[in-house]
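Asks: Add 31 to a position in the sequence shown, counting from 1, and you land on the number used in this note's numbering.
Here are the simulated BS3-like pairs of lysine-lysine, each with C-alpha atoms no more than 25 Å apart in a straight line: (1) Lys-193 x Lys-150; (2) Lys-190 x Lys-150; (3) Lys-187 x Lys-170; (4) Lys-150 x Lys-67; (5) Lys-208 x Lys-167; (6) Lys-208 x Lys-173; (7) Lys-143 x Lys-181; (8) Lys-167 x Lys-181; (9) Lys-187 x Lys-143; (10) Lys-67 x Lys-229; (11) Lys-181 x Lys-208; (12) Lys-150 x Lys-187; (13) Lys-110 x Lys-150; (14) Lys-113 x Lys-229; (15) Lys-113 x Lys-67; (16) Lys-228 x Lys-67; (17) Lys-190 x Lys-167.
What the hints contain is simulated information worked out from the structure, not anything from laboratory work.
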Amino acid sequence: MRRGVHISLEGIDGSGKTTQAYLLLNWLRSEGYRAKYTAEPTYGRVGSVIRLHVYRIRNTPTEYEALLFAADRVEHYLKFIKPLLERGWIVLSDRYIHSSIAYQGAVLRDSKWVREINKFSPPPDLAILIDVPVGKALKRIKRRKVKFEKREVLAKVRKEYKRLVDCGEMRHVDGSKSIEQVSADIRRIVVEFLRRKKIPAKPPLQSALPEPP
32 MRRGVHISLE GIDGSGKTTQ AYLLLNWLRS EGYRAKYTAE PTYGRVGSVI RLHVYRIRNT
92 PTEYEALLFA ADRVEHYLKF IKPLLERGWI VLSDRYIHSS IAYQGAVLRD SKWVREINKF
152 SPPPDLAILI DVPVGKALKR IKRRKVKFEK REVLAKVRKE YKRLVDCGEM RHVDGSKSIE
212 QVSADIRRIV VEFLRRKKIP AKPPLQSALP EPP
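With the hints as constraints, model all of the structure from the sequences given.
Replies: Right under this line is the structure:
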C-alpha cells in the first residue's frame, strides 16, 4: 500500500491554524481523500501534563516544556500518526515539530538541541507556515481567556518560523488575508504537493482507525 502523507500547519498563537486546518480537512474529504485531523499537545499521558501544568502555570522552565513536548510528540507519532500513514491516509497536524523548533528554539537560542530531542519524531512531508504579524495575532488571542506569550516572545518565534521558511523547511502563506483567501492559498500548495507525490483520492476505509493518545 502506498504510504500516506503528513501535513502540518504552523504559526504563532492567533495565526488561525486551527480554523484553516479544519477547512483543509473538510476540503480534502470532499475531494475523496482519506484525511484525519490531529493536534498538539495531545490528550495522552504526557500531553495531559502539558495541558494541566505548562499551559496553566507561568514561568515554566523552557527546557522542561521542550522535553515534555518531545515526549508527547514521539508517543503521538508512534501510536496515531504512523499507523495512519502506513494505511495510506493524509494526516493533518495542527502544530508539530516545527512548533518546538520555533517556540523553544527562539527562547533557548539552541534549535540544534531542540532538534536532537525530537529526532525520534520524523518531520512532516509538508509544513506550511500561516504567517501573521504579531500585533494582529495578539488582537485575536486577547479575546480568549487563555495564557499566551508576550509580544517580544511572539516576535522571536515569528522570526524563527520565517527562518525555517527561508531555509526551505516550510512553505509560506500570508495569514493576514481573509479566511477564504488564506484557505485558497493553502489548498493551492497542498494540491501541488499531492500531484507531485502522485497521491490519488481514495474512498474512505471501513477499518478501525487509531484514536489520538
